[in-house]
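*Asks:* Per full-length UniProt numbering: the sequence shown ends with 313, consecutive numbering throughout.
Derived from the structure by calculation, the hints contain no laboratory data.
Treat the hints with care, since some could be wrong.
[Said to hold, decoys possible] Calculated lysine-lysine pairs in the PhoX-like style (CA-CA distance at most 20 Å, straight line):
hint, residue 1, residue 2
1, Lys311, Lys60
2, Lys301, Lys268
3, Lys301, Lys236
4, Lys139, Lys79
5, Lys290, Lys268
6, Lys236, Lys290
7, Lys60, Lys139
8, Lys139, Lys268
9, Lys311, Lys301
[As the list claims (entries may be wrong)] Restraint-style ranges between C-beta atoms, simulated for each label pair:
hint, residue 1, residue 2, range
10, Gln235, Glu283, 26 to 32 Å
11, Ala296, Val142, 36 to 42 Å
12, Val230, Val257, 32 to 38 Å
13, Glu283, Arg104, 46 to 52 Å
14, Thr254, Asn171, 17 to 23 Å
15, Ala203, Asn171, 18 to 24 Å
16, Arg78, Asn171, 19 to 25 Å
17, Leu307, Gln212, 21 to 27 Å
18, Val66, Asp130, 17 to 23 Å
19, His132, Glu3, 18 to 24 Å
20, Leu307, Ala157, 38 to 44 Å
21, Glu83, Arg282, 28 to 34 Å
22, Asp135, Ala296, 40 to 46 Å
23, Ala157, Glu3, 33 to 39 Å
These numbers were taken from a predicted model, which means no experiment stands behind them.
Quick reminder that beta carbons are idealized off the backbone N, C-alpha and C, glycines included.
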Amino acid sequence: MTELADEPTTLMFHAEMAGETEPTPEGPVEAYSTFLASRPSSYETRAVEEILSLSHLAPKLPLHIVHLSAMEAIPLLRKARAEGVPITAETCFHYLSLAAEEIRDGDTRHKCCPPIRSQSNQDRLWEEVDRHADDGVIKTIVSDHSPCTPDLKLLPADVPGGCTSESPATNEGSFFSAWGGISSVGLGLPILWTEISRRKDLATSTDETMTQQALQDIVRLCCTNTARQVGLQNQKGDLVPGHDADICVFDDTTEWVVEPSTMLFRNKCSPYQGRTLRGMVRETWLRGEKVFNREAGFASKTPTGGLLLDKRV
């Protein structure tokens, strides 16, 4: 912290820290409940408490908790913000759409750290996301996309959805041995829209104002705030004169099933396979140029991105 105290940057933390006397979880390594017990919410609250205890070393340095999973950490962060500590947090698509209760034994596509927690935990995260923009602790929602080959996921052949290894391992189905991370890049907007539509009953609502507000909330959490967080608010995250014309054309009513053909990442191994999502990205524009169309695919195989290394202001 002291190294960055006077720098125009944000210090980010993966907030998990084991205690000195954590009990060893007991149970089958293929059972998700065993894995979940091995990384309790206290890992996250302990790490957050440690970060906050050191924040006085750089009182003006913005701090950020990446991929927050445990609802128990939210009161700690809210209290610190009320006391003037410049700290924020993000959560992920999977923490807002997947729940521990629905994860079958051996389905290692769901392994990530911090882990996917209970349905009640997910509901509490949504309560925080739905708070007023100025009051909420969770300022951004991200993918934390972490792809891997099927071999590294150690997925058993009897788990529906495919992406199993061609060379079965002796420890297949082990949540402790499998690669940790959720593949969801390109699915985030439909994932969020599906969950918001369900929670707010948008599919049957005739209130256009509610639909527009929900879309604006997604833009704030996934675009505007993320751009501001990394110092790109004068170039990205908004549709105003002078900004890059980065545009998503979104069909908010179409429902579709996630299949290998609709996953646009290389290794088609995702816990969302087989799920029905609401909302589909029809087109993507980058700096005023169309780079993706749902029917035609990507306009070019040559990357058109550029480094964004301007000094933060």
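*Asks:* Evaluate each hint against the coordinates.
*Replies:* Here is how each hint holds up against the structure:
Between the alpha carbons of lysine 311 and lysine 60 the distance comes to roughly 18 Å, so the proposed pair stays at or under 20 Å and holds. For the hint linking lysine 301 to lysine 268, the alpha-carbon distance of about 19 Å falls within 20 Å, and the restraint holds. This hinted pair does not check out: lysine 301 and lysine 236 have alpha carbons roughly 23 Å apart, beyond 20 Å. With a CA separation close to 16 Å, the supplied pair lysine 139 and lysine 79 stays within the 20 Å bound.
A hinted pair counts as satisfied when its Cα atoms are at most 20 Å apart, and lysine 290 with lysine 268 does not qualify at roughly 25 Å. Taken as a hint, the lysine 236 and lysine 290 pair is honoured in the structure, with Cα atoms around 17 Å apart against an allowance of 20 Å. Distance restraint check for lysine 60 and lysine 139: the Cα-Cα separation of roughly 18 Å lies within the 20 Å cut-off, and the hinted pair is therefore satisfied. The hinted pair formed by lysine 139 and lysine 268 fails the criterion: a straight-line CA distance of about 30 Å is larger than 20 Å.
Between lysine 311 and lysine 301 the alpha-carbon distance is near 30 Å, which puts this suggested pair outside the 20 Å criterion. Checked against the hint of 26 to 32 Å, the pair glutamine 235 and glutamate 283 fails, with Cβ atoms roughly 21 Å apart. Distance hint for alanine 296 and valine 142: a CB-CB separation of about 28 Å, inconsistent with the stated range 36 to 42 Å. At roughly 34 Å, the beta carbons of valine 230 and valine 257 sit within the given window of 32 to 38 Å.
A hinted range of 46 to 52 Å for the beta carbons of glutamate 283 and arginine 104 is inconsistent with their spacing of about 36 Å. Roughly 40 Å separates the CB atoms of threonine 254 and asparagine 171, a value that falls outside the hinted 17 to 23 Å. Against the hinted window of 18 to 24 Å, the Cβ-Cβ separation of alanine 203 and asparagine 171 comes to about 42 Å, which falls outside the hint. Between arginine 78 and asparagine 171 the beta carbon distance is about 41 Å. The supplied range of 19 to 25 Å is therefore violated.
Between leucine 307 and glutamine 212 the Cβ separation comes to about 35 Å, which falls outside the hinted range of 21 to 27 Å. Between valine 66 and aspartate 130 the Cβ separation comes to about 21 Å, which falls inside the hinted range of 17 to 23 Å. For histidine 132 paired with glutamate 3, a C-beta distance near 34 Å fails the hint of 18 to 24 Å. With their beta carbons about 43 Å apart, leucine 307 and alanine 157 fall inside the hinted range of 38 to 44 Å.
At roughly 45 Å, the beta-carbon separation of glutamate 83 and arginine 282 lies outside the given 28 to 34 Å, and the hint is violated. The given range of 40 to 46 Å is respected by aspartate 135 and alanine 296, whose C-beta atoms sit roughly 43 Å from each other. A hinted range of 33 to 39 Å for the beta carbons of alanine 157 and glutamate 3 is inconsistent with their spacing of about 49 Å.
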